[in-house]
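Below are the chains, spelled out letter by letter.
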Amino acid sequence: MSSQVMAREKRKSLDENDVILEVTDLKKYFPISAGIVFQRQVGAVRAVDGISFHVIRGETLGLVGESGCGKSTTGRTILQLYRPTEGSVRFEGQELSTMSGNELRQMRRRMQIIFQDPFASLNPRMTVGSIVSEPLQIHKIYSNKKERQQYVEALMEKVGLNPYFINRYPHEFSGGQRQRIGIARALALEPSFIVADEPISALDVSIQAQVVNLMEELQDELNLTYLFIAHDLSMVRHICDRVAVMYLGKIVELGPVDEVYDNPQHPYTQALLSAVPVPDPQVEDSRQRIIISGDLPSPANPPTGCNFNTRCPVRFDLCFEEPDPPLIEARPDHFVSCHRVT
Amino acid sequence: MSVLLDVKDLIVRFYTQEGTVYAVNGVSFELEEGETLGIVGESGSGKSVSSLALMGLIPSPPGKVESGTVMFEGRDLLTLKPDQMRLIRGKEIAMIFQDPMTSLNPVLTIGTQITESLKLHEGMNTSQSRKRAADLLDMVGIPDAYRRLDDYPHQFSGGMRQRVMIAMGLSCNPKLLIADEPTTALDVTIQAQIIELVKQLKDEFNMAMIWITHDLGVVAGIADRIQVMYGGRIMESGSSHEVFGDSRHPYTEGLLGSLPRLDSSGEEKLTQIEGSPPDMRNEPSGCPFAPRCDVREEFNLEKCWDQRPPLETVADDGGDGTHVMSCWADIREGVAENV
Ligand SMILES: Nc1ncnc2c1ncn2[C@@H]1O[C@H](COP(=O)(O)OP(=O)(O)OP(=O)(O)O)[C@@H](O)[C@H]1O
Ligand SMILES: Nc1ncnc2c1ncn2[C@@H]1O[C@H](COP(=O)(O)OP(=O)(O)O)[C@@H](O)[C@H]1O
Ligand code: SF4
Ligand code: SF4
Ligand SMILES: [Mg+2]
Ligand SMILES: [Mg+2]
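Chains as they are written, first to last, in the working numbering: chain A, 1 to 342; chain B, 1001 to 1339.
Calculated directly from the structure, the hints in this document are not laboratory data. Everything numeric in this text was worked out from a predicted model, so none of it was measured. Hints are supplied without guarantee of correctness; some may be wrong.
Unchecked claim - A short, non-exhaustive set of chain B residues, derived as facing chain A with CB atoms under 10 Å: (1) H1154; (2) S1157; (3) A1192; (4) Q1193; (5) L1255; (6) S1265; (7) I1273.
C-beta atoms are modelled at their ideal positions from N, C-alpha and C, and glycine is treated no differently.
Given only the sequences and the hints, what does the whole structure look like? Please build it.
Shown next as C-alpha cells:
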C-alpha cells in the first residue's frame, strides 16, 4: 500500500483530542544592539510574532514560508533551545516555557530535532557510534557498553545504515547517509515529537525521496509526530497532514494540506503556491502565475497593519490600519488571516 | 534556424591531490539561435564544469580540457587566446551565476561595475554608459535606477543583486546567456519574478540561453530542450515535452518519479533511486548509472558495467531525431534493445 494512502487512513485514525503540542501567542524577539563599549538595545527582530497552533499526536504539521520568516526560530523556541519572549508552549500536558533547565533536560528526551545541514550538524571527530549513542550516555541509559552498542546497531539498521560502519567518521558518508545518522541520533531516546528543520534541503534530488520515505516509515512504526519545516512546497504536500504558512513571524494560513493547496485563501499563500514550478511543461505552459513584486520587509521593522500590505496585490484601506487581521476559521478547519477573507 | 553553438566530445578533468576527477566525460550538444536549453542534473554531475569549459573559465591547474571543440559563429572557442576569449565573454556570451554576491565586487558601486563593461565592449564614455546602465537597471525592474547606480552590492537584496547581474549580462546584447542556477539561492516568489523577467528579456533580445539547474520544475517552464546529465555525461536529451512527457532513460524516469507534485495530493509513495551519486574520482567504464539502475537489475544487463552506451536517437522518436538517450535498454519498450 502506498504511504500516502496510509497517511490518509492514519489521519482518520488520529485522535483529534490527543493534542501533543499546544502553542499559544508565542513570540521570540532577538534584541538589536548598538554601541561598541556600552551595548544598548536599539530595537528587536520580531522573528516569531505571536503565533498559535496545536499538533495532534501522530500527525505531521508542515511549516512553510520564505527564508527569514521565522520557521527555524519557531522550531527552536518550541524545543526551548531559545527561550520564548512571550507565550506558552505546552507539550504532553506540561508547560515548557517556565521549566527549569533540569526539568527541560528530562523533557528533551521526548522531543528531538533534525537539522538541515547534515555536514555541519555532526561532530567530525566522533564516530557514528558515539554520535548516535551520545544522547544515551547523557541520559545514562544502558550503562552496559555491550547493550548500548547493540542498541545503536539496531538503530543504524532501522535508518538504513549498515551497522558495520559503526566506527567510521561522518566525512566518510554521503549527504544522505549523514542525514540518516542525524535521524538515528534523534531517535535514540525514543522521542514522541521531532522538529525536522529542512531535513532534505541540502540533499541531492535523488536522495531526498530516500530520506522522506524513511521518515514516513519511522512515523508509522513509532507513532512519531513531526513538525516538518521546509520551503519545498511540493514535498510538504506529500508528507504533511496539515500545513501552516508563515509570513514575517506570523501564521497567515493554516489547515489540512489538500484543502490549503486546492483552495488557498490568503493572497500570500496564493502567490507562493503559484510561484512553485511544476516539472511538467504542459502544466507550466498553461499556468497563470501571480507575481508579487518587491521583497520581504525586515522583521525588525514590520509594516503597520497587515504584514503583507507592502506586496499584496489586493490590499485596501483597512489593511494599513491596526489591528492586523486575526486568524479566523474561514472554511472548516481552515484558518486565514486576511481582511478580504471572512 | 541556424546552429549558434556546437559542442563536440568535451572532456574535462581535474588533477587534484586526491586523484583525478573525471568531471565531464564526452559531452556533445548543439544550440540553435534563440533556443533555450535546460541542463539538469544532481550536484557534481558536470553541469557547471561543462559550461565553464566552453567559456574558457576552467581553473588550470588543476583543471584541464582534455579534448573537444566548441564552435561558436565559425570559431572554435577552445583554441582562442585568453584576450580573444575575454572579448567574447561579456559581449557575445554572458554568464550569470548562482551567488551574485561572489560575482559582484563588494567594494565597487553597482554603477561602476556595469559601466566598466560598457566602456570596454561598446566604447562608451562615462555619461553615456551611466545613462545606459540606469536604463538597464530600470529594464530589470530596479526602482529609482539612476540613484541606485551609486549604491554598493550589499545595499541590494538577493533578488535585486541577481537582477543587477542580469542587467550586466545583457548590457552588450549577447547572443548567448548562460545562467548557472541563477535562482537557486532565492525564495520561490523572487525566483518567479526572475524567471518571468528572463523570459521576457530573452524574447526582446532574441538570445539563446543555457539554463543550468537541479530543479526540474524550473526548466519545465522555460526550456525548449532539456539535457539530463549524470556522472559527467548526457543521459537523455530532447524537447522538454519529450523528456518530461515521454522519458526513456532509467535515470530521468527515476528522478521524475522521486519528485512529489504540487498539483496533486500524491497517492503514491515516492519511488526512490537507491544508492548515492557516483564518486567522480573513478574513471567510469560502462554506464555511470549502473550501480543504481533498477532496469539493469531487472533485465540483468551485464554489459552496462563495462560498455558505455552511446547517445542515440530513441525508438519512434517522432521523426526529427532530436530525442536521444544513452542507455542499453529502452524502458518504453519494456525491453532491453540491442543487448
Ligand atoms: N576546481 C575544481 N577542482 C577539482 N574538482 C572540481 C573542480 N570544479 C569541479 N570539480 C569536480 O567536477 C565535478 C563536476 O562538477 P560541476 O561543478 O560541474 O557539478 P555541477 O553539476 O555543476 O554540480 P552542482 O549542482 O553542485 O553545481 C565534481 O565532481 C566536482 O567536484
Ligand atoms: N540568533 C539570532 N539572533 C538574531 N536574529 C536572529 C537569530 N536567529 C534568527 N534571527 C532572525 O530572525 C528572523 C527569522 O529567522 P529564522 O527563524 O531563521 O527564519 P527561517 O527559518 O524561516 O528562514 C530572521 O530575520 C533572522 O535573521
Ligand atoms: S489583509 Fe489586506 S494586505 Fe493583508 S493579505 Fe489581506 S488583503 Fe492583503
Ligand atoms: S545503460 Fe544499463 S545501467 Fe545504464 S541506465 Fe541503461 S539500463 Fe541502466
Ligand atoms: Mg531556517
Ligand atoms: Mg554547478
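If you test the structure against every hint from before, which numbers come out violated?
Violated: hint 1 alone.
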